[in-house]
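Residues per chain are reported as follows:
Protein chains: 2
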Amino acid sequence: MKAIAVFPGKPNSMHLAELPKPTLDAVPGGRGVLVRLVRCGVDGTDKEINAAEYGQAPEGYDFLVTGHENFGQVEAVGPNVAGLQPGDYVVATVRRPGTSIYDRIGTYDMTTDDVYFEHGINRLHGFLTEYYADDPEYIVKVPRALRDVGVLVEPLSVPEKGILQAYEIQRRLRVWRPRKAAVLGAGTVGLFATMILRLRGLEVTTFGLIPKPYLNSDLVEALGARYLSTRTTSLREAATVYGPFDLMYEATG
Amino acid sequence: MKAIAVFPGKPNSMHLAELPKPTLDAVPGGRGVLVRLVRCGVDGTDKEINAAEYGQAPEGYDFLVTGHENFGQVEAVGPNVAGLQPGDYVVATVRRPGTSIYDRIGTYDMTTDDVYFEHGINRLHGFLTEYYADDPEYIVKVPRALRDVGVLVEPLSVPEKGILQAYEIQRRLRVWRPRKAAVLGAGTVGLFATMILRLRGLEVTTFGLIPKPYLNSDLVEALGARYLSTRTTSLREAATVYGPFDLMYEATG
Numbered sequence: 000m001k002a003i004a005v006f007p008g009k010p011n012s013m014h015l016a017e018l019p020k021p022t023l024d025a026v027p028g029g030r031g032v033l034v035r036l037v038r039c040g041v042d043g044t045d046k047e048i049n050a051a052e053y054g055q056a057p058e059g060y061d062f063l064v065t066g067h068e069n070f071g072q073v074e075a076v077g078p079n080v081a082g083l084q085p086g087d088y089v090v091a092t093v094r095r096p097g098t099s100i101y102d103r104i105g106t107y108d109m110t111t112d113d114v115y116f117e118h119g120i121n122r123l124h125g126f127l128t129e130y131y132a133d134d135p136e137y138i139v140k141v142p143r144a145l146r147d148v149g150v151l152v153e154p155l156s157v158p159e160k161g162i163l164q165a166y167e168i169q170r171r172l173r174v175w176r177p178r179k180a181a182v183l184g185a186g187t188v189g190l191f192a193t194m195i196l197r198l199r200g201l202e203v204t205t206f207g208l209i210p211k212p213y214l215n216s217d218l219v220e221a222l223g224a225r226y227l228s229t230r231t232t233s234l235r236e237a238a239t240v241y242g243p244f245d246l247m248y249e250a251t252g
Numbered sequence: 000m001k002a003i004a005v006f007p008g009k010p011n012s013m014h015l016a017e018l019p020k021p022t023l024d025a026v027p028g029g030r031g032v033l034v035r036l037v038r039c040g041v042d043g044t045d046k047e048i049n050a051a052e053y054g055q056a057p058e059g060y061d062f063l064v065t066g067h068e069n070f071g072q073v074e075a076v077g078p079n080v081a082g083l084q085p086g087d088y089v090v091a092t093v094r095r096p097g098t099s100i101y102d103r104i105g106t107y108d109m110t111t112d113d114v115y116f117e118h119g120i121n122r123l124h125g126f127l128t129e130y131y132a133d134d135p136e137y138i139v140k141v142p143r144a145l146r147d148v149g150v151l152v153e154p155l156s157v158p159e160k161g162i163l164q165a166y167e168i169q170r171r172l173r174v175w176r177p178r179k180a181a182v183l184g185a186g187t188v189g190l191f192a193t194m195i196l197r198l199r200g201l202e203v204t205t206f207g208l209i210p211k212p213y214l215n216s217d218l219v220e221a222l223g224a225r226y227l228s229t230r231t232t233s234l235r236e237a238a239t240v241y242g243p244f245d246l247m248y249e250a251t252g
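If you read the protein sequences in the order shown, they are chains A and C.
Going by numbering that gives the first Met the number 0, the first residue of the first sequence is number 0, and it counts up by one from there.
Going by numbering that gives the first Met the number 0, the first residue of the second sequence is number 0, and it counts up by one from there.
Accuracy of the hints is not assured; some may be wrong.
The list cannot tell twin chains apart, which means a pair is met if one copy fits it or any two copies do.
Stated by the list, open to error - 20 Å max Cα-Cα, derived EDC-like pairs, lysine to aspartate or glutamate:
id: 1; residue 1: K211; residue 2: E236
id: 2; residue 1: K179; residue 2: D113
id: 3; residue 1: K179; residue 2: D112
id: 4; residue 1: K9; residue 2: E236
Simulated from the structure, these hints should not be mistaken for laboratory data.
Predicted model only: the values in this text are computed from it and were never measured.
Based on the sequences and whatever the hints tell you, model everything.
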């Protein structure tokens, strides 16, 4: 099968590679899930990997298949797989367990290991290819109704994590009930953060460079948030009028 | 009785003021505790208040008695005071409750009020005087054996709070067990932080400007910590050799 890969350490080495199609047996214990890729997002991380700023090939390979923003459909499952069946839409997680205590208790996104494993980024092939086979532990089922936007699940998980951690941190206050939030940046991540905070019931003010109206300011307003251009309103002025903000999400860069 | 006060807003206005000696009746419900000041520390905050950088007089006064690092001895107690008696050594808290939810649940050090109350700093007279009368709610008993260092209890509470909050924040990790800490600065607060972290069982590296040996480096080592001068070892070098640091306490300025 075809795959899009880089030679880590070599700038602008993105190329078409060839790999054998994986089989269910690649996963031990009859727990294999074979997934056909439907979509794969490409983002700044992929650009930086192609610029050879980081990225490492899996052991035994001189190339790394890129792509981590994945969305696929189950094609076959091993005999010991429950909860997933052919036809299901799925997203695979990107980071995989290492050896630290955080990895061992299932929070490998918090790993303290120096060496870590991320599909399409570090030591594991990515999803810019036709198929992958994996253990259900690392596969998230996406409702069929969301198939048009399922490829956004992985990037959405990034601001979801940040906002969840902010809430976890503020549990120290015992009675923290945030009411107003600011989101700095109205790109994809800023839009995600706006959406998450609106779903948590907050009044959200989202800041972008471009004066409204344009697509993303329309989307911010469709989410029930306020859009402000920093060209016309400074953060300080906005905080006086629409704040104080209990939570600020930084998504400018 | 005599008191040392400033005229808030007027630089270098520190002067000797006269106030009536407080009585137990100043506190309602028979809960008065009359305390004679034994010692009062003077720190950067007092210097800044004398420079008129902040500070506000209590309602009805044009001056503010300064001093918040207090240590005293109980002289008399009202009929409804339990747990304190004449002769006890005590420290009074500095911040007092306002109106926010944090004030109402007893964590007024976390107040979100714009207007707040701090003895010797904002809207309440301080302790650079001969006596105060207060409710036992705001009075901390200090063991007699600690009377020589009791005046350090209030400044010690500052790094105690910071380190406690760091631990509270990291509870989000569920299994956080810090082993190594760095303290930046070896002044009084840096020494306190070193001591607190050693008492929590951490390996501590404390950084100061001055090459050892001198008094504070000796004190750091007496606490079982490592002293390094940033003139001879950079933080980056030290982190490589003695880190990675799980917790860093900033006390440089």
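(request) Please write out, lowest number first, the hints stated earlier that are contradicted by the structure. (result) Failing hint: just 4.
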